[in-house]
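Novice: Could you put the whole structure together from the sequences, leaning on the hints where they help?
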Amino acid sequence: AQSVSQHNHHVILSEAASLELGCNYSYGGTVNLFWYVQYPGQHLQLLLKYFSGDPLVKGIKGFEAEFIKSKFSFNLRKPSVQWSDTAEYFCAVNARGNNRLAFGKGNQVVVIP
Amino acid sequence: GAGVSQSPSNKVTEKGKDVELRCDPISGHTALYWYRQSLGQGLEFLIYFQGNSAPDKSGLPSDRFSAERTGGSVSTLTIQRTQQEDSAVYLCASRDWDRGPSHTEAFFGQGTRLTVV
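As you go down the protein sequences, you meet chains Y and D in turn. Residue numbers for the first sequence, in my numbering: 79 to 191. Residue numbers for the second sequence, in my numbering: 305 to 421.
Simulated from the structure, these hints should not be mistaken for lab results. Just so you know, these numbers come straight off a predicted model, no measurement behind them. Treat the hints with care, as some may be off.
Capping the alpha-carbon separation at 20 Å, the derived lysine to aspartate or glutamate pairs in EDC-like fashion look like this [stated by the list, open to error]:
1) Y:Lys139 / D:Glu409
2) Y:Lys183 / Y:Asp163
3) Y:Lys127 / D:Glu409
Partner residues aside, some chain D positions facing chain Y, computed with beta carbon under 7 Å [to be verified]:
4) Phe349
5) Tyr352
6) Glu409
7) Gln414
Backbone N, C-alpha and C fix where the C-beta goes; we use that ideal spot for every residue, glycine too.
Specialist: Below is the structure:
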């Protein structure tokens with residue numbers, strides 16, 4: 079079964095700083111990849127997704143992620159964060175042909191104004 | 305409906321009591337997931353339903369946990385003889401699997417916060 083690793087569970091940074099969150103998965107086949115975000119008091123919502131094609135994916139609110147197949151990674155980036163980006167971010171993987179959607183433990187990101 | 309709906313939003317129960325958590329998926333979505341979210345533990349997969357296929361129950365932590373999905377729509381997660389370690393947020397998600405798993409994402413409800421005292 080696939081598993082997902084997220085590093086640096088707690089991240090604190092100042093507004094305008096750049097953000098990069100790592101995501102690595104363990105599955106050798108074709109995968110669908112997702113980043114979800116959970117703002118305080120809100121439900122999980124999709125930030126961006128990768129199914130095929132261009133490995134650099136752009137999502138909402140200026141976020142992007144790059145799929146590097148050789149590194150089994152799907153890191154999330156944002157060049158300049160805002161206070162409103164304070165949230166918990168989850169990486170998820172769905173192996174093709176497998177119904178289970180596996181999540182990492184999440185990154186709690188706090189942006190200081 | 306417009307989104308995934310879960311009820312109740314909060315549930316406080318005494319240790320040893322049974323609880324039922326409900327999920328109304330997005331209309332037409334054939335795939336439904338239950339997850340448990342605990343602080344610092346991410347989302348723990350519990351069970352998955354897809355159409356009329358047998359559910360994938362491999363994530364259920366013990367035989368006190370069960371779930372059913374009636375008529376391919378509403379799902380109920382039941383926890384029997386609740387324990388304090390069952391305290392968590394239980395999340396439901398649905399997915400439009402019929403469009404093909406290569407093109408769809410899961411949509412989540414607000415969750416049910418369960419507190420066992």
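Novice: Could you tell me which of the hints above the structure violates, numbers in ascending order?
Specialist: none
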